[in-house]
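Line by line, the protein sequences are chains A and B.
In this text, residue positions in the first sequence follow UniProt numbering: the first is 1, and each later residue adds one.
In this text, residue positions in the second sequence follow UniProt numbering: the first is 1, and each later residue adds one.
Since the hints were made in silico from the structure, they are not lab data.
Some clues are possibly wrong.
[Said to hold, decoys possible] With a straight-line cut-off of 27 angstroms between C-alpha atoms, the simulated DSS-like cross-links for lysine-lysine are:
1) Lys52(A) with Lys14(B)
2) Lys14(A) with Lys52(B)
3) Lys52(A) with Lys22(B)
4) Lys52(B) with Lys22(A)
5) Lys14(B) with Lys22(A)
6) Lys14(A) with Lys14(B)
7) Lys74(A) with Lys52(A)
8) Lys22(A) with Lys22(B)
9) Lys14(A) with Lys52(A)
10) Lys14(A) with Lys22(B)
11) Lys52(B) with Lys74(B)
12) Lys52(B) with Lys14(B)
Take a look at the letters that make up each chain.
There are 2 protein chains.
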Amino acid sequence: MQSPVINELIDAFKLLPTIGPKSAQRLAYFLLQNHQQDGHRLASAIEAALEKVGYCQQCRNLSEAEVCGVCASKSRQADQLCIVEMPTDVVAIEQSGIYRGQYFVLMGHLSPIDGVGPDELGLPILRDRLAQGEIQELILATNPTVEGEATAHYIQQMAIEFNISVTRLAQGIPLGGELEYIDSGTLGQAFAGRKAV
Amino acid sequence: MQSPVINELIDAFKLLPTIGPKSAQRLAYFLLQNHQQDGHRLASAIEAALEKVGYCQQCRNLSEAEVCGVCASKSRQADQLCIVEMPTDVVAIEQSGIYRGQYFVLMGHLSPIDGVGPDELGLPILRDRLAQGEIQELILATNPTVEGEATAHYIQQMAIEFNISVTRLAQGIPLGGELEYIDSGTLGQAFAGRKAV
Ligand SMILES: [Zn+2]
Ligand SMILES: [Zn+2]
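Could you put together the complete structure from these sequences and hints?
Shown next as structure tokens:
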């Protein structure tokens with residue numbers, strides 16, 4: 001008996017993570033009942049972000065510009081490169097405030113079964129960057145999962161070719177945990193206690 | 001250091017109930033990182049719903065049509081009218097399946113301090129409807145809060161003028177609770193055990 005457009009709005013909210021049927025209904029009615037302006041603002045913000053946000057040509061992080069703010073910054077160390085799986089990992093590490101080097105964002109991890117190989121993770125771009133000789137330390141901050149470890153191992157082999165020292169975030173990250181959800185203090189410890197591999 | 005359009009997207013998500021800063025960030029990155037199509041679908045669904053959904057001329061519930069499905073239905077009892085505060089209350093009662101009459105949606109409750117009086121709640125429309133003589137029973141299903149009770153009392157006085165019997169949902173609704181969050185079984189009990197006031 002509910003209107004089809006309301007049902008479609010509820011279904012669309014259900015596509016989001018952590019939003020179940022009951023929450024989706026609540027969000028849809030919230031916008032329709034008395035927060036129409038918030039609804040327009042959210043719809044516009046989504047479309048603007050999807051249209052304007054692309055990928056940094058240098059680090060593959062999400063960026064409005066061709067080269068992102070971190071890559072373009074002169075105040076960051078140019079000889080340290082931290083490898084992460086996702087843009088949200090960069091956000092988490094930046095929030096910890098402990099790291100002042102550069103990033104490279106894989107946008108995933110090696111997963112042959114899903115057709116994700118070195119090319120999909122931009123590893124040829126990473127190889128070119130390592131070949132330039134500016135990077136002195138590669139910090140492997142992929143997730144401590146089977147796929148994350150395999151990806152880190154692959155990149156480590158690449159760094160060895162170029163005689164670049166490789167470290168891996170170690171202390172404080174719980175086994176099987178996801179970087180994105182780890183608090184700043186723990187992340188700080190993991191950075192401070194990083195070990196040569 | 002985050003892009004302004006990403007920040008605006010996070011801010012827009014934060015406007016939604018139960019979505020805090022951390023959830024908002026997660027939702028924004030979810031759409032940007034790998035669910036662009038879901039993002040377009042959600043933005044379109046919001047705009048379509050805001051554009052097409054208005055109010056039923058008869059019951060004031062949200063509706064795409066001038067008269068909503070419940071008001072237009074010939075299979076529903078025409079002599080019972082259930083008064084609720086919000087469209088989500090109609091959804092909750094419909095899901096309980098116990099009620100087959102008509103609704104009137106106040107879109108709020110009396111709240112002089114916020115400038116919400118009888119006109120804002122559509123009570124002149126309700127009065128006209130009661131005056132037509134078809135309604136035999138008015139079921140007051142406003143929330144069991146101070147404002148909800150005051151609103152129910154006001155409407156009860158109106159019904160007395162027209163010699164219409166008035167009942168109030170009673171058993172099973174916890175004090176201070178909100179109708180929208182009550183499970184179907186409890187709502188069913190409240191309907192079955194309604195008492196004359
Ligand atoms: Zn960059
Ligand atoms: Zn209606």
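Quick rundown of the hints versus the structure:
no.	hint	verdict
1	Lys52(A) with Lys14(B)	20 angstroms, holds
2	Lys14(A) with Lys52(B)	20 angstroms, holds
3	Lys52(A) with Lys22(B)	22 angstroms, holds
4	Lys52(B) with Lys22(A)	22 angstroms, holds
5	Lys14(B) with Lys22(A)	18 angstroms, holds
6	Lys14(A) with Lys14(B)	17 angstroms, holds
7	Lys74(A) with Lys52(A)	24 angstroms, holds
8	Lys22(A) with Lys22(B)	20 angstroms, holds
9	Lys14(A) with Lys52(A)	25 angstroms, holds
10	Lys14(A) with Lys22(B)	18 angstroms, holds
11	Lys52(B) with Lys74(B)	24 angstroms, holds
12	Lys52(B) with Lys14(B)	25 angstroms, holds
The structure is consistent with each of the numbered hints, conforming to all of them.
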